[in-house]
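Student: Using the hints provided, position chain B relative to the given structure of chain A.
2 protein chains.
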Amino acid sequence: MTHTPVWFMRQAGRSLPEYRAARGSGSILASIAQPDVAAEITLQPVRRYGVDAAILFSDIVVPVHAVGFGVEVEPGRGPVVAQPFRGAGDLARLRPLEPEVDLPYVAETVTLAVGELASFGVPLIGFAGAPFTVASYLVEGGPSRTFARTKSLMHTEPGLWAELLDRLADMSVAFLGAQVAAGAAAVQLFDSWAGCLSPSDYERFVLPTTRRVLAEIGRTGVPTILFGVGTGELLPLMATAGADVVGVDWRVPLHEARRRVGPGCAVQGNLDPALCLAPFDLVAAEARSVLEAAGAEPGHVFNLGHGVLPETDPGILGALVDLVHTEGRAGVSR
Amino acid sequence: MTHTPVWFMRQAGRSLPEYRAARGSGSILASIAQPDVAAEITLQPVRRYGVDAAILFSDIVVPVHAVGFGVEVEPGRGPVVAQPFRGAGDLARLRPLEPEVDLPYVAETVTLAVGELASFGVPLIGFAGAPFTVASYLVEGGPSRTFARTKSLMHTEPGLWAELLDRLADMSVAFLGAQVAAGAAAVQLFDSWAGCLSPSDYERFVLPTTRRVLAEIGRTGVPTILFGVGTGELLPLMATAGADVVGVDWRVPLHEARRRVGPGCAVQGNLDPALCLAPFDLVAAEARSVLEAAGAEPGHVFNLGHGVLPETDPGILGALVDLVHTEGRAGVSR
Chain A
3 MTHTPVWFMR QAGRSLPEYR AARGSGSILA SIAQPDVAAE ITLQPVRRYG
53 VDAAILFSDI VVPVHAVGFG VEVEPGRGPV VAQPFRGAGD LARLRPLEPE
103 VDLPYVAETV TLAVGELASF GVPLIGFAGA PFTVASYLVE GGPSRTFART
153 KSLMHTEPGL WAELLDRLAD MSVAFLGAQV AAGAAAVQLF DSWAGCLSPS
203 DYERFVLPTT RRVLAEIGRT GVPTILFGVG TGELLPLMAT AGADVVGVDW
253 RVPLHEARRR VGPGCAVQGN LDPALCLAPF DLVAAEARSV LEAAGAEPGH
303 VFNLGHGVLP ETDPGILGAL VDLVHTEGRA GVSR
Chain B
3 MTHTPVWFMR QAGRSLPEYR AARGSGSILA SIAQPDVAAE ITLQPVRRYG
53 VDAAILFSDI VVPVHAVGFG VEVEPGRGPV VAQPFRGAGD LARLRPLEPE
103 VDLPYVAETV TLAVGELASF GVPLIGFAGA PFTVASYLVE GGPSRTFART
153 KSLMHTEPGL WAELLDRLAD MSVAFLGAQV AAGAAAVQLF DSWAGCLSPS
203 DYERFVLPTT RRVLAEIGRT GVPTILFGVG TGELLPLMAT AGADVVGVDW
253 RVPLHEARRR VGPGCAVQGN LDPALCLAPF DLVAAEARSV LEAAGAEPGH
303 VFNLGHGVLP ETDPGILGAL VDLVHTEGRA GVSR
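Same order as they appear, the protein sequences are chains A and B. Just so we're on the same page, my numbering is the position in the first sequence counted from 1, plus 2. Just so we're on the same page, my numbering is the position in the second sequence counted from 1, plus 2.
Chain A with its partners taken away, still in its complex shape:
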């Protein structure tokens, strides 16, 4: 690949009219469980935007939902948990994931999508939630601004916290393994909320388990991406987690992100998705700044700094892909 590759987190989703048509009004977890629907949604942004990768239409809570922990995804709010994780007794509610039994639809979706993507010459990126971020939903009971219960648990019951993360790590590995076995060519681990932690808490309570997930999935041979929001101070630690690529939000200019992750990792990012609501000349200027900050060396995957916002005009994203393909200077050659 000679240009800078580009795809968008949440490209398969809320901002596309064809997505809303395919999804209908049911729950997102129900749509994910229908391989024909989920594969169609996965393909839509490839057809419309010409992005260089598809990302599986799924959700980070799919595995915990599938083992019956009692998680739903509320529109406009996010994952909510009827009975949050409160103590050792709740570990039993997180039995090992058996992908072929618990979520056969995921491998079916991957197989369908990979088959259709062949004609575009575009790979599929699989994904899972990282143990910390999934744990935060289970412990808080839903989205949180402070992550107070989660932080309290890790500090006051570090043994229980480690057990919780270990179970979630096993689930992430099984979930990602099923996607890779069905044809996913790369995987992204979403540790979306890790940036709420201090570097010392991240290093002590999160990094070891993240490292294990990436090591185990890395053995399959597919490239791995580790992403979180607001992780500026964590980048040097995240760079040691074993991922090939570290995703970065717009808060850290990419030249600085590259300095922090070092030469062993590529970087992915980092246009502010909020700026994609502006007219295209402004988006183009910002995109050029991102490309310039990334520099001429390979090892930059263009993306937003977080997911596409629902109110984004799809025309803007299409023009953005064209701009990156035309003006991006260097590519990662994989």
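No lab work stands behind these hints: they were computed from the structure. All C-beta atoms in this analysis are idealised placements derived from N, C-alpha and C, irrespective of residue type, glycine included. You may find that some hints are simply not true.
Unchecked claim - Derived DEER-like restraints, expressed as beta-carbon distance ranges:
id: 1; chain 1: B; residue 1: 158; chain 2: A; residue 2: 20; range: 20 to 30 Å
id: 2; chain 1: A; residue 1: 113; chain 2: B; residue 2: 290; range: 35 to 45 Å
id: 3; chain 1: A; residue 1: 283; chain 2: B; residue 2: 16; range: 39 to 49 Å
id: 4; chain 1: A; residue 1: 26; chain 2: B; residue 2: 92; range: 53 to 63 Å
id: 5; chain 1: B; residue 1: 91; chain 2: A; residue 2: 165; range: 56 to 66 Å
Tutor: Using the frame of chain A, we list chain B on its own:
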């Protein structure tokens, strides 16, 4: 002062039973408008914790509420705006603040509180919202995760954005000036959500106005503090805004924060308020880490990295003050 000084953001408030008793069930803006109630609440944490400063019981939306923009503070949610700022026509809704007419109760509260604080030998810190953070509420209509409308406005209508910030800056200066005239010995400018911005957006769209507010209030001679959450990448810029002290959250270790702000600014922070929900031995260990990271040189004001969480046990904060007074190595001598 020979020890490290300590106070807590939101020390006057939700976690204290005597606060809930004094406040009753009315709106927070109504309580702020009663000088006897507001002064009492301002004093409570000084009596209970022995902190080295009181901070005025107020809210960052008090000035825009007082000029009739139509802002309320919803319990558990935060500021909400009935008719958000949408265009140039809304500038007229932000007439200049006349403190003695629009919010005479603020100076009365300051006068009452300063009188009572004299017997404790403790200064009062006044505060205001910084123009960007107040603008974000007016533009978004309430709390936001993405600040998409605000970012869109600054990029697409930079002239209007500058006018909006200028009006809010004038209000902040007038609001802080009234507090200083009534006896506040220092002021903090809360740019709580500035950390949602990239460094280049912060530098272009926010810093100039912040600098003006700090310059104008600095002329009164009182020390100034500039605070925001998630500002790791912004610290070198914030250090040029003209504040004497830059507040830092727990994401950036204080030795690194000191490096980024340089020798001209003191730092304030940065214990994670979520950790104050843990038993005291854990809180003590974290507080010692903060003191150690701050180092032996003067120029560190101990605080949390953001406001006290409502569920915090006041006993923990009291013990924390004692620990900082006993073990803090250096003080700022002002």
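Student: Which hints, by number, does the structure contradict?
Tutor: 2 and 4
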